[in-house]
Amino acid sequence: MKQVLAIGLLWLLLADYTAAHDPGLSSLTFQNSAEGLTATLVLSVADAEGIAAIDANHDGRVSEAEFGAARPRLEEALLDACELKSGTEVLPAISIATEFDLADGIQVRWLFPAAGGEVTLRSGMLELLPRGHRQFATVVDGSGRTLQSRLLDVKNASLGFTLPQSIDSAPTAPSAVGAGRRGPLAGRWFGLAMLAGLVAIAALKIRRRERSA
Amino acid sequence: MVAIVRMKHIQFSALALLAALLAGCGPGASSSHSPVLSSNQTNAMAALKVSADPMALVLAPHSGDSRTDKQIIQLQQKLPSARQPVPMLEQLGWLFVSKARESFDPGFYTLAEACAACIEGRQPDANEALLLRGHVLQNLHRFKEAEPLARKLVARRGAPFDFGLLGDVLMEQGRLAEAVDAYQMMVDLKPGPQAYARIAHLRWLKGDLDGAVELMREAAGSVSGVDAEVSAWMLTKLAAYQWQQGDTNAARQSAAKALVLQKTFPPTLLLLGKMDLAQGRTREAAERLQLATRANPLPEYQWALWEALRASGQAEAAEVVERNLMKHGAAEDPRTFSLYLATRRIEASRAVELAEQELLTRADVHTHDARAWALAAAGRWEEARRASLSALAEDTADPRLLLHAGCIAEHLGLAAEARLQLEKVVAAQQVLLPSERDLLKRSLEKLMSATNSAGIRASIR
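Sequence order for the protein chains is A and B.
In terms of the working numbering, the first sequence opens at residue 10 and continues consecutively.
In terms of the working numbering, the second sequence opens at residue 163 and continues consecutively.
Just so you know, these hints were derived from the structure itself, not from any lab.
Hints may contain errors.
[Unchecked claim] In silico SDA-like links for lysine to any residue, alpha-carbon gap of 25 Å or less:
1) K603/B with E509/B
2) K164/A with E449/B
3) K306/B with D68/A
4) K164/A with S225/B
5) K164/A with L453/B
6) K352/B with S384/B
7) K419/B with E264/B
8) K94/A with G126/A
9) K164/A with P223/B
10) K489/B with N165/A
[As the list claims (entries may be wrong)] Cβ-Cβ distance ranges computed for the label pairs, FRET-style:
11) G383/B with G153/A: 56 to 64 Å
12) S511/B with S152/A: 51 to 59 Å
13) R154/A with A390/B: 39 to 47 Å
14) P242/B with N165/A: 19 to 27 Å
15) E85/A with V482/B: 19 to 27 Å
16) N486/B with T97/A: 28 to 36 Å
17) E127/A with K232/B: 25 to 33 Å
18) D215/B with E127/A: 25 to 33 Å
19) S72/A with A418/B: 50 to 58 Å
20) E127/A with N486/B: 28 to 36 Å
21) A317/B with E127/A: 50 to 58 Å
22) P81/A with T523/B: 28 to 36 Å
23) D110/A with P353/B: 47 to 55 Å
[To be verified] Coverage of chain A stretches by chain B, computed from C-beta distances (three or more under 8 Å per stretch; other residues unrestricted):
24) 135-145
25) 153-160
Glycine is no exception: its CB is placed at the ideal position from the N, C-alpha and C atoms.
Please put together the full structure from these sequences, using the hints given.
Okay, here's the thing in structure tokens:
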């Protein structure tokens, strides 16, 4: 142990050689919900700044207004940065939305169509982030229980997992992250869900009426 | 006992100490630079909720075949059932540090920092965690954050490595007089390669090249054979000093010894590539630098490779390297990237911004030099001159730094000063990159036409 310690400390002088500015850390959580498949990225503002210049006035702080102005660029840059495959079929993201929080950094949420079976997630955004960046990827079920996790980096940017053919998880409430750009299908999915809800309510009412009769 | 700063510098050290005392209201408090993103917006560990469970990061499956990889995997397997996890976490943290330098992948420092967080979770404020975290912060160039941790360790237990960490963070912040004191304590408590290597670097910073060679040779000779990479690094540093002295044969010999220990060690390949380039062996230089850059794609490496590719007539390959440098340089190493931009006279305002941001965390002579050179590129010559004087404050005999100072003085018509600096550069011009040697030549020509000096004419030849 002492040897490991001594060797490690010998390299304190190496700041010039490694020139290691903080490579950063982010999290990517993948969840199968009633809405579809969602991937949620949380990354620091500094890392997001490297993807789309956000701090417009270069004062060292990102404000809500600056984030609002940069949001379209950030979403554009990240839209295809989370790649999902079901078997060999590429599942394009239905929508992307971003949210800014001074304390927690930036949250990005992709919505994919529902899928089952063998699924592969590839984090293409690691190529946009600083060398050495690590991303803690987690697959959770509808109740938030971790099914699988892996630390991704640019050389190991994929995570494979199996999803049940039908969604067996409890539906989750719609995310608070909803202010961002939505793809053309998003409205249709929302409309279909609303229609299904109305049909279900109508069916329940009819059944109650029949019972009371 | 090893004296850090040798006799000829004692008078200067006293002045430096006085300057450091006065510095409390000086450059560190400057408000003329634009701030970088505030700490909670830059520090991923602090900003992200993912760090709420650092153990998940520490135990995330690791792969690899090296000795370090195997040790990491072994500890990860033992940790979950360990009755006393702190010693294991400490050891794992240092193994991640080893892995970071072995692979030139700074991402492993994130994992080492997570180990420190795990220790703190079990033993708040533990010395083991402070030292590990301090070391990580130092390597991630978060010097100001590392300083209080080092001071706490020094006050609490004062072990040699604690003084080493303190000296390192002070040195990087340009507080050399204080760093001297810390290193002196370190070497008094535990003479050895760790202390010698640091003192050699400090001597070089103070302009004592012969003293640096002497002590780095001592350091390289006294390190145990346990870590070949550490020996290779010390031999490479020694070779760099010898090359600057003009002893190319000795430098090549030291570098060859380093390559025996680590046959593709990127710092050694970088140095040898530069030496090849200086000797006109452009093809060999390009090949070596390709290899080095592949392993460690920092701006310093890419810049040298770009020069070698251009010099060897591989213009298209050079363009590819430059595109990559322009894309990632600012994030990888803003200071060197700023120097690159300023030397190429492109995006001068960006170069200034990067240097000024770096100065907020790393106010040493090299960052003052980067700012001076960027300001010169932006045409702000008077400001450049003031920054250049800060860069010269420690008498550092770095040819690049002196070249910039000389060029700035020449542009401002300060012929005597320009001549003084540029003649020092001429004596060690082999260590400059081709574009910098062209710059030296042009400045000397301008100076010669202004002063008609026979000595300068001889230098150009």
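Worksheet item: Holds or violated: the segment 153-160 of chain A covered by chain B, criterion of 3 or more residues with Cβ-Cβ distance under 8 Å?
Response: holds (count 3)
Practice prompt. Return holds or violated for the Cβ distance of E127/A and N486/B against the range 28 to 36 Å.
Written response: 35 Å, holds
Discussion item. A range of 51 to 59 Å was offered for this pair. Does it hold for the Cβ distance of S511/B and S152/A?
Written reply: 52 Å, holds
Worksheet item: When you check the alpha-carbon spacing of K164/A and P223/B, does it fall within 25 Å?
Response: The given pair, whose Cα atoms are some 14 Å apart, holds under the 25 Å limit.
Worksheet entry | Distance restraint evaluation - N486/B, T97/A, Cβ atoms, bounds 28 to 36 Å | 32 Å, holds
Worksheet item: Is 19 to 27 Å right for how far apart the beta carbons of P242/B and N165/A are?
Response: 22 Å, holds
Fill in: Supplied distance hint 56 to 64 Å, evaluated on CB atoms of G383/B and G153/A
With a Cβ separation near 58 Å, G383/B and G153/A satisfy 56 to 64 Å, so the hint holds.
Worksheet item: Taken at face value, is the distance from the CA of D68/A to the CA of K306/B at most 25 Å?
Response: Distance ~20 Å between K306/B and D68/A Cα, so the pair holds.
Fill in: Outcome of range test on Cβ distance (P81/A, T523/B; 28 to 36 Å)
32 Å, holds
Fill in: Restraint status (C-alpha distance of K352/B to S384/B at most 25 Å)
13 Å, holds
Fill in: 25 to 33 Å as the expected CB spacing between E127/A and D215/B, which holds or is violated
Holds - the Cβ-Cβ distance for D215/B and E127/A, about 28 Å, lies within 25 to 33 Å.
Discussion item. Tell me if the beta carbons of S72/A and A418/B are separated by a distance inside 50 to 58 Å.
Written reply: 56 Å, holds
The structure is consistent with each of the numbered hints, conforming to all of them.
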